[in-house]
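Engineer: The task is simple: from the sequences and hints, build the whole structure.
As given, the protein sequences belong to chains A and B, one line each in that order. In terms of this note's numbering, the first sequence opens at residue 1 and continues consecutively. In terms of this note's numbering, the second sequence opens at residue 1 and continues consecutively.
Quick caveat, the hints were computed from the structure, so don't treat them as lab data. Accuracy of the hints is not assured; some may be wrong.
Not close to chain A: a few residues of chain B, all C-beta gaps over 12 angstroms, as computed [said to hold, decoys possible]:
hint	residue
1	Leu58
2	Arg113
3	Val122
4	Leu149
5	Ser160
6	Val206
7	Ala207
8	Pro208
9	Asn229
10	His314
11	Arg342
12	Ile344
13	Gln431
14	Val432
15	Pro443
16	Gln465
Covered stretches of chain B, going by a simulated chain A footprint (3 or more residues, C-beta under 8 angstroms) [what the hints assert, rightly or not]:
hint	segment
17	315-326
18	375-383
Quick reminder that beta carbons are idealized off the backbone N, C-alpha and C, glycines included.
Here's the letter readout for the chains.
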Amino acid sequence: MIPRHLAIAMSVLLVAVLGLSVYAWHIRKTAATPVTATDKRPLAPPIAGPTEQVTLYVAHDDDGTLRAESAKIPLPSGRQQRAEELLRALLSLYLDKSSTHVLGSGADIRSVFLVDPGVAVIDLNSAFADAHRSGVLVEELTVTSLIHTISANTPGILKVKILVDGKERDTLAGHADLSSFYDVTAVNQLATQLQPAQ
Amino acid sequence: MRSTSKPRSAGVSPARRKRIIAACVAIVAGFLACAKFLSGAPPDKRLAVYSVAANYSLPLLWREGRQYVGLLELLEPLGKVSAKSEGKGWRLHYNNVEGDFQVGKARARVQGRDADLGGKFVVENNRGLVPLGSLPSLLPRFLGGPVTLREESARLFIGSVGTHFTATLSADNPPRLVFHFTAPVNPTIATEPGALRMTFSREPVVAPASPTLTFGNKTIPSAIYSESNGAAVVTVNAAIPVIASFSNDGRTVTISATPASSPAQNAAQGTTPSAPGASPGATQSAPPAITTPPTPPGRRYFAVVDASHGGDDHGETFSNTLLEKDVTVALARSLRQELESRGIPTLVLRDSDANLSLDQRAIFANADHAAIYIAVHAASNGHGVRVYTAMLPFGGDDRGTFRAWSTAQHASLPLSQSTANAVAAEFQRRQVPVRTLTAPLRPLNNLTGPAIAVEVAPQGSDPSQLTAPDYQQLVTSAVATAIAASRDQLGAAR
Chain A
1 MIPRHLAIAM SVLLVAVLGL SVYAWHIRKT AATPVTATDK RPLAPPIAGP TEQVTLYVAH
61 DDDGTLRAES AKIPLPSGRQ QRAEELLRAL LSLYLDKSST HVLGSGADIR SVFLVDPGVA
121 VIDLNSAFAD AHRSGVLVEE LTVTSLIHTI SANTPGILKV KILVDGKERD TLAGHADLSS
181 FYDVTAVNQL ATQLQPAQ
Chain B
1 MRSTSKPRSA GVSPARRKRI IAACVAIVAG FLACAKFLSG APPDKRLAVY SVAANYSLPL
61 LWREGRQYVG LLELLEPLGK VSAKSEGKGW RLHYNNVEGD FQVGKARARV QGRDADLGGK
121 FVVENNRGLV PLGSLPSLLP RFLGGPVTLR EESARLFIGS VGTHFTATLS ADNPPRLVFH
181 FTAPVNPTIA TEPGALRMTF SREPVVAPAS PTLTFGNKTI PSAIYSESNG AAVVTVNAAI
241 PVIASFSNDG RTVTISATPA SSPAQNAAQG TTPSAPGASP GATQSAPPAI TTPPTPPGRR
301 YFAVVDASHG GDDHGETFSN TLLEKDVTVA LARSLRQELE SRGIPTLVLR DSDANLSLDQ
361 RAIFANADHA AIYIAVHAAS NGHGVRVYTA MLPFGGDDRG TFRAWSTAQH ASLPLSQSTA
421 NAVAAEFQRR QVPVRTLTAP LRPLNNLTGP AIAVEVAPQG SDPSQLTAPD YQQLVTSAVA
481 TAIAASRDQL GAAR
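Structural biologist: Structure, rendered in structure tokens:
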């Protein structure tokens, strides 16, 4: 006959095995569920704080141009927070139903880091990149809009790196290169090319 | 008196010890069985459907111990179809045919006649699922024509849509194996030591009379046809490295020896920038399918045309059946034809549905020292054509004669821009809307010679215009005319 303590030990092991199986089953089911955008809250600049006049460079897909648009938005005092709010204000235009340059639902700027001397890092969320339309022009309009807006309103930025969910990514949606640092001078020249003909 | 210093385990009898070991083994076996049950679900499988109307694929679902497929999704690309759920009943209308299905029943009624499904009918989220094996008897009731199901390889042929092929070995030295298909094909090409594999996932390629073709040749001894998971595969066994080239509008595939001075071998020589993580060995293991017959040693192409995307990289999805990667191949082939008709030797990178990294594309073009590299893109956004040159990233750390990979284009940028302007001028002359822009578009910045990218958008709002032969010809002839006019300037800089 099996000693009592061994019988108890085996029972405990058996229960553990069954418990682990149920847990693994649960994990599998969870993993099989497609992950959707984690944060679909509408984006809006903070209500508090003094409003300032800024220039946003807004992409228009109907004629493939980048147009300067003035906006009054509340901006915090910190340089980095200002840059974040600036880009969020730009994004709110794209997430509006009337925008011709449509971004996917849940697209957001996770954060902006300003690193001296002259380096800006824009961290997009995965919903921004994953749902972005594919195409050379449509992707470069997005990239130019982000970089030109931040550099025009935040003096001293020389190069910009774009990350997605905090990680490097080859392209935005198959075309615009995200593997290197953008040269702000080159982007500003492209922004000029993209402005509508007078 | 019994000693108390003796360890307790020593008191377990051999029979009891055996029982303990047996119990432990049983627990471990139980755990392994659970693990196998959890991880042993069959991998995602798809049913490839070939018909006159469309070729497409659908997911296969494992239910009731067999493979199931969604009936509505299967019929949707073939005609007008609708379905309605009522209690346990599920009614399907396909054109003028009506079918009644009952959840949990293995029989259905189609046009008032019984049909055996060979397994229970299942409804999930209003989707009616039928066993895969029921399709040969069920579908003809709806479609009014024969269907052929290859259940093991998950391939369904609706009507007589099979693409047949023959294989002929030439008497050249080294020999060339020429496949002739009854319809254009665009397989994925993969190479490995001793073999080249063509995978036809979208074409209804069917087996020859014998699945194994033997040629009695030591260099290319045989080719084997097989099918699995919705695809047909032709594996060519070869004693030497071989490549595939396409001609006759995709109806002919020629397997021939890799040219002695392949671009991949040259890539490691000279002062061409070295791609990060790309060794010559890596590129040799998966060479792209190169067009035209093998070139004589030492011959260089004047133009390299790169059909962007390919393989797993679809580019923009225009519709369920139209992908950017397919449009770019068609445009690249058309551009090659236009350039060669103007006496410009042209190489098309990616003349099949091959995976080709951006680094590989740049290495091939740099190693060939082509006078002009033209990347072809397609887009649904906007109208007309955009001609791009590289927008170089920040920095670039040239060291002596070695150029930084990310800014390798720097020295050639003025010539690239003048070529782009010439191409744009030709489009303007032909009254096609055109813009010239810089773009952060790899691999333009990795190329040492003049390089442009051409993104073709429809003239109207319908992306299907991108596949219209006359529009493709209008675009590619304009590019070719401009390149031919710039030939002296480009050739002098070579």
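Engineer: Can you list which hints this structure breaks, lowest number first?
Structural biologist: 10 and 15
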